[in-house]
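Undergrad: As given, the protein sequences belong to chains V and X, one line each in that order. The first sequence begins at 1 in the working numbering and counts up by one. The second sequence begins at 1 in the working numbering and counts up by one.
Treat the hints with caution; some may be incorrect.
Under the rule of at most 27 Å between Cα atoms (straight-line distance), these lysine-lysine pairs were calculated in the BS3-like manner [to be verified]:
| no. | chain 1 | residue 1 | chain 2 | residue 2 |
| --- | --- | --- | --- | --- |
| 1 | X | K146 | X | K184 |
| 2 | V | K177 | X | K125 |
| 3 | X | K54 | V | K98 |
| 4 | V | K125 | X | K184 |
| 5 | V | K99 | V | K143 |
| 6 | X | K177 | V | K125 |
| 7 | X | K98 | V | K54 |
| 8 | X | K125 | V | K125 |
| 9 | V | K184 | X | K125 |
By construction, these hints were calculated from the structure, which means they are not laboratory data.
There are 2 protein chains.
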Amino acid sequence: MLGSSRSGLIAGAAILVGIAGLSYLLVRPAAPTTAAPPAAPAALVEFTSDGKLKQPVGYRQWIYVGTPLTPNDLNNGAAGFPEFHAVYIDPESFAHYKKTGEFRDGTVMIKELISVGSREAPSGKGYFMGDFRGLDVTIKDSKRFKDEPGFWAYFSFGHHYPLLTEAPKNPVSACNKCHEENAKTDWVFSRYYPVLRAAAPHSK
Amino acid sequence: MLGSSRSGLIAGAAILVGIAGLSYLLVRPAAPTTAAPPAAPAALVEFTSDGKLKQPVGYRQWIYVGTPLTPNDLNNGAAGFPEFHAVYIDPESFAHYKKTGEFRDGTVMIKELISVGSREAPSGKGYFMGDFRGLDVTIKDSKRFKDEPGFWAYFSFGHHYPLLTEAPKNPVSACNKCHEENAKTDWVFSRYYPVLRAAAPHSK
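All chains should be modelled from the sequences, with the hints used to inform the complete structure.
TA: See the structure below:
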């Protein structure tokens with residue numbers, strides 16, 4: 001009995017070793033137990049404890065969507081934004097927009113203002129970018145900004161350097177009102193942003 | 001004998017099931033065995049066997065550097081590039097440029113042409129982007145383009161849609177000559193690209 005039982009166990013063990021070897025080939029080794037668990041992705045933007053937006057970083061590596069230009073010389077010397085506006089959207093919200101044609105909760109858009117640096121270049125007469133002048137940010141967040149029209153809040157870090165390091169939310173009348181009244185698609189002037197239009201043509 | 005052997009096998013099988021359950025908890029499931037091994041990073045650009053450049057993809061997710069504008073109405077109706085020029089650099093070459101202020105071998109820059117779509121918007125009078133119109137590409141490669149001045153080759157996929165799917169290298173006289181004579185920094189008009197200037201200020 002014992003002998004038989006042992007031989008049965010040995011047979012079972014042999015199968016086990018075989019399976020263990022096979023499973024070593026079939027499965028990836030687990031991550032080393034000393035490794036820290038994967039960190040959560042860094043937040044796109046951060047706020048101070050009193051609700052100011054900290055100046056975003058890294059947005060020049062985000063998705064560029066377009067550049068409106070309203071120079072002073074075409075606006076009686078008094079354009080609201082006399083600079084080039086280089087406009088970006090965060091990459092994850094862009095991916096969502098491509099799929100759905102909608103701006104997801106958490107979308108961050110950046111308007112970086114760049115002076116008109118020169119009016120003539122080897123390529124001809126026109127408008128050529130000078131230096132960074134300003135930084136405006138808008139964020140859609142139905143929880144944090146539940147009282148803002150469309151859930152979009154607007155922040156300005158200034159239109160000349162040095163910029164603010166933290167910016168309070170602008171009153172609705174300062175930015176949101178114009179976006180609400182004039183932007184066809186969910187508070188964003190998508191019609192001036194060919195990269196957005198091409199990414200989600202059905203949202204035109 | 002048979003009974004004993006069977007009970008041994010059953011015991012072995014029980015252990016096996018236990019271990020199998022444990023190993024399911026300890027190791028990640030293997031990737032499906034039909035999956036290909038991890039691919040090498042895709043080449044930034046591809047060429048046909050006769051040296052034409054295939055139309056690049058994904059560049060709207062690259063690093064935007066600036067937007068010159070030379071509209072027809074400021075150039076007697078005959079601008080060389082009457083559109084907005086949205087200019088991008090590939091991300092790895094941008095990272096290298098940030099560190100060194102130099103364009104590495106393999107740098108790819110894109111000039112995407114976008115029509116002037118309208119001249120007035122809620123923000124004022126000016127120039128506002130319409131639709132994509134053209135695509136020009138320049139690549140620095142001291143091996144593939146060893147005979148080009150500065151090792152930069154220039155390709156145009158056309159200035160109206162539909163674009164070419166493959167583009168031959170332009171003759172030096174078509175693009176390189178103007179870049180060589182007029183661009184201060186290594187064939188690139190960096191002075192009109194604030195993102196490049198800010199990334200590597202010492203290279204101004």
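Undergrad: Now, for every hint given, state plainly whether the structure supports it.
TA: Verification of the hints:
1. X:K146 with X:K184: With a Cα-Cα distance of about 21 Å, the restraint between K146 (chain X) and K184 (chain X) holds, given a limit of 27 Å.
2. V:K177 with X:K125: holds, 19 Å
3. X:K54 with V:K98: holds, 24 Å
4. V:K125 with X:K184: Given pair K125 (chain V), K184 (chain X) holds - Cα atoms ~19 Å apart, limit 27 Å.
5. V:K99 with V:K143: holds, 23 Å
6. X:K177 with V:K125: holds, 19 Å
7. X:K98 with V:K54: holds, 24 Å
8. X:K125 with V:K125: Holds, at roughly 18 Å.
9. V:K184 with X:K125: Within the cut-off at roughly 19 Å; holds.
Of the numbered hints listed earlier, not one is contradicted by the structure.
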